Amino acid sequence: MVRRKVQSGEQTSDKPRSLGRDAMHRLLKNRAAVAGGAILLVIFLAAVFADFVAPYSITEGDIRNNYAGPSAAHPFGCDFMGRDMLSRLIYGARISLAAGLIGALTAFTIGVTFGLVAGFFGGKTDNVMMRFVDIMYSFPTLLLIILLMVFFKSSFSVSGVAGGGFRGALSDIDRAMGGMFFIFLGIGLTSWLGMARLVRGMVLSVRGKDYVEAARAVGTPRSQILLRHVLPNVLGPAIVAQALQIPGFILYEAFLSFIGLGVNPPTPSWGMMLSQGYIAMRSHFHLVLWPALAISITLFAFNFLGDGVRDAFDPRQTRR
Amino acid sequence: MKKMWVLALAVALLAGVCATGQAKTLYWNIQSDPPSLDPSMATDTTSHQILKAMFISLCQFDDATMAVLPDLATSWEFDAATVTWTFHLRNDVRWTQRNWTPSGMPVTAGDVEYGIKRLLAPETASEYAYVLYLIKGAEAYNTGVGSADDVGVKALDDYTVAITLNFPAGYFPGMAALWLCAPLPRQAIEAYGDKWTEAENIVTNGPYVLGEWVHEDHLVLVKSPSYYDANNVKIDEVYCTMVNEASTMMAMYEAGVLDVNDTPPLEDMDRIKSDPVLSLELAQAPRLCTYRYGLNAAKPPLDNILVRKALASSVDRQSLIDYVLKGNQRPAQTWSPPGIFGYVDGVSLGIGYPYDPEAARQYLADAGYPGGVGFPEVTLMINTSQAHQKIAEFIGQGWEDTLGIQINITNQEWGVYLNTCATDAPQVFRMGWCADYPDGNNWMNDVFHSGSGNNYEKYNSPAFDALVEQAAVELDPAVRLDLYKQAEILICDTDVAFIPIYFYTFNQLTKPYVVRTFSAIGGESWKNWDILDH
Amino acid sequence: MFQFILRRMLWTIPVIFVVSSLTFILMHSVPGSPFTRERALPAAIQKNLEAKYHLDDPLWKQYGDYMWGFIRLDFGPSIAYRARTVNDILAQQWPVTMTLGAVAFVFAACLGIPLGILSAVKQNTLIDHSSMVVAMLGVSIPSIALGPFLIWIFALKLKWLPVATWGTPAHIVLPALTLSTFYLSRFARITRAAMLQVTHEEYIVTARAKGVRESVVNLKHAFRNAIIPVSTIAGPAFADILTGSLVVEQIFGIPGIGKYYVTSIGNRDYPVIMATTLIFALLIIFMNLLVDISYALLDPRIRYT
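Chains as they are written, first to last, in the working numbering: chain A, 1 to 320; chain B, 1 to 534; chain C, 1 to 305.
These aren't lab readings, by the way, just hints derived from the structure by calculation. Some hints could be false.
[Claimed, not checked] Simulated crosslink set (PhoX-like; lysine-lysine; CA at most 25 Å straight-line):
hint: 1; chain 1: B; residue 1: Lys136; chain 2: C; residue 2: Lys210
hint: 2; chain 1: C; residue 1: Lys47; chain 2: B; residue 2: Lys458
hint: 3; chain 1: B; residue 1: Lys511; chain 2: B; residue 2: Lys234
hint: 4; chain 1: C; residue 1: Lys210; chain 2: C; residue 2: Lys122
hint: 5; chain 1: B; residue 1: Lys195; chain 2: C; residue 2: Lys52
hint: 6; chain 1: C; residue 1: Lys159; chain 2: B; residue 2: Lys273
[Stated by the list, open to error] Chain B residues, not near chain C, derived (Cβ > 12 Å throughout):
hint: 7; residue: Phe78
hint: 8; residue: Thr84
hint: 9; residue: Leu280
hint: 10; residue: Ala466
hint: 11; residue: Val514
Since the model is a prediction, treat every value here as computed from it, not as a measurement. All residues carry an ideal CB built from backbone N, CA and C; glycine is no exception.
Using the sequences and the hints, build the whole thing.
Right under this line is the structure:
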């Protein structure tokens, strides 16, 4: 590496910039992405600290205030039970973000594992596994998730399930989470295909690389190769790719709650608030307006940030 | 072919109408495609509404008083010795075939016999057959152990039919007013099988014929020229759209596309009541349905009657009606609604448990859970629906606030829900019941008898069973009333088998140019309506 | 090429098998039979009904019977709607959904792609930025929010369009618009990105150097190459629009197969559910095949073996 002569007054940095650093730098220059990130951060913090930020709890309400419009005490009005819309929106952020993040985590875990195994072991295993993925790709996702949710909700949501055990345990977990557990599971089980394909492709290309060949030649056990060479190179882009899917998961949850296959009341999901508001839309528009805005702004911010991240990591990106 | 006949009839109507005035079309909305227009098979309110316009039965109900009036049958009498009701039929009722020729085949007693036996036939697998089990031999035939010939329905001649029962049932003429005892067109059914109800095949005898049926889209009923009372039928055509969304239906009504909205969304009720135009178009009428929260007394802690009393006493029905339902419903402390023979006014007589938070807390304390401490979580289950959810959240919240206990509200989709309630009912579950016929037998016996499949609470009281069984065979109305009153006290007050919540009302919006009646039992009588010039 | 198509079509067989068995298993695992009613049926009647629809046969037999009928295009009777067979229902409902989907797709493509081209050509101007913001909105606002909103503005307040249901071309506008926004925006964004990518290629520079008019450069040279990445999402676009119609049909009360699907699950109308899912799956495969073929036609560098 040749060093240029440093002119006086010129700033240089000695450290070589890794892909991550480079990407971060590019990302920060993208004002839209930064704005999106900032909005998301606000929403995220509001969700995490909802107990402190929200003026009321999600169940606190005076039925005599039902459908009330915006007022000093309730800046966003009240819902059909007289509960504060603003507070429910803030707690609703938890549901949407959780659906997005944990759903993504579930899909990620399943997809990455699948892709790793298929790509790494290759041959027949790979063939069979990828055929399976191809077949499942043809199953319309929304239909599958509806079927799954009907199945879950009917088999697992009864409390005091006779003969406890596994079913009882799952039901209890689900109830403790306000009905979210099966949504995560449903989203995860239907959305891992793309990730599996991606990871498998990456694993295949990494496998062919020289340093992997070298490691094998030296006799490194397979597990080590997997963990120390393959995985680190695969994880980065995989995480980015998965993150770009989060808005889609938030949408799924909203859809499911809209048609009644989502969370259980009184958990305030934005999708459920939309379906409750839609019926009253003509008389009380604010019941639709706030959840619609909430979802739209969140997805908007996610999309800008996602775009920025994708552009930042794209080495071929050229912008005038 | 079908389209030609629609056209022909439309032209005929138009011609007739040009002579007399404008064609009167009622624009109505049914919220789904009728699953079945076969009187033996139909189970839902949408199908019943259409059936009521197309088929007549032995008797009919007066919309206002629920009195039993003649329809196909002009008179009837009961013979105590043979336990037989004999109906004398009109001789001027004709079947209207698909090409609407006025001189169709006459409707005879044989058709009545055929209709009832077909309903009871095991192959038909009708879901309402059990209602007619009081006819001799009916249950045996329906469950496959008896034969059709042993069923106690006989056409004595073309215009007389004799129905033999297992026990004298004073309320039987009311049942004869149901679609269950309607005559059916044997030729059409045997010719077309399951498809006999399609517009091109169907044969009817009522005030309207099925003009056109485009599935999932719309349905048109056209006035039947050969109906026996056609001169008094004023509305020429009923055009039924099939929009499911209640809010869309409301928009259609406000835009003038619909003449009547029979299910205005309760979210719009405030706006409707304060709107100068809409508030005048809103009318409320009683409806023969009751909403209840069933209690599974086999599951702790509800096995303790004090706990059930506590729950029953902490439901603020009036606030529920005022703030959540907004439809001027009536709070219910007993089971049968007003209009049903056997109704008792629980609220003014002090039967059942009114809203009394202090008493509720006391009951709970007496049960061993003062202030709700130590009380296990109770599950309240409903079937997936916005409306039920609101009610559940309100009542559940009320329980939590008043009693200091924890309620878990879950929902299940309808089919699963019914299954769950039948096999392993949760502690609290929501159920409703609407009258099949306006008699206490349908409410007390058919629902809560220990052997009834509708008894989701699995209420088992020999005393109760004895009361309702006796009332079923009793002929003296005064004695029957007293028996039903005792039954109400037993089930609602003494045993607290369930918590009655409210009696339904019909809230309907009707355009001012529609002259109409209200039917409490469900299914409007369009033949009695009129449309003014507008 | 022919071999490629043949192989793809053979591929549909295992897909049908997996999709149908998964649907079958899931549906039959859900408790509740089609005959569970609020007014409980006497046991004997329930047995009769189940026998009539062969629901008392062992599961593998039911499955086998169903698939045998499916191959012969006989989709069985509808359990919920006694007078109609599934074929009747499909024949009535599918054209509605297909129309809605097709119109939505046309909106998405015919509005989205030109928007993308325009943005690319006028890169970094106000037009570009505002188009991209609009596109971003389109991707972010879900149909469950957009649909009611459009109804509120165009049908209720302005009264330009009908509120709901189906029948005239005017009825198609709002639902198709709601359904199309997501892919309209994606088409716009991808077209823009692809066009920008392509404008840096050497052949474009050459064309400009030759003095070819700018519009010809854009449309003839740039676009024809940009269309390739765009067409990769055409397949998923169609698939998603079709499944997305489920929700839109609900909101607008449209008598299509999507609205039917949800109610059929509730009714446990097994034949309808199976037929619908399988047809959806087949359609998606078919569309993907079409897309791949068009891919090969558009890009002479691609050869399928």
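Against the structure, the hints come out as follows:
1. Distance check on the hinted pair: Lys136(B) and Lys210(C) sit about 99 Å apart at the alpha-carbon level, beyond 25 Å; violated.
2. Using a Cα cut-off of 25 Å, the hinted pair Lys47(C) and Lys458(B) holds, with the two alpha carbons roughly 22 Å apart.
3. At most 25 Å may separate the alpha-carbon atoms for a hinted pair to count; Lys511(B) and Lys234(B) meet this at roughly 17 Å.
4. Proximity of Lys210(C) to Lys122(C) is assessed by CA-CA distance (about 21 Å); at most 25 Å being required, the pair is judged to hold.
5. A threshold of 25 Å between alpha carbons decides the hint, and for Lys195(B) with Lys52(C) the separation of about 16 Å falls inside it, so the pair holds.
6. Proximity of Lys159(C) to Lys273(B) is assessed by CA-CA distance (about 24 Å); at most 25 Å being required, the pair is judged to hold.
7. No beta-carbon of chain C is positioned within 12 Å of the beta-carbon of Phe78(B); the least distance is around 27 Å.
8. For Thr84(B), the non-interface assignment is confirmed: its Cβ lies about 25 Å from the closest Cβ of chain C, beyond the 12 Å cut-off.
9. For Leu280(B), the shortest C-beta to C-beta distance to chain C comes to about 21 Å, beyond the 12 Å cut-off, and the non-interface label holds.
10. Non-interface call for Ala466(B) relative to chain C: holds, since the shortest CB-CB distance, roughly 22 Å, exceeds 12 Å.
11. With a least CB separation of 21 Å from chain C, Val514(B) remains clear of the 12 Å interface cut-off, as annotated.
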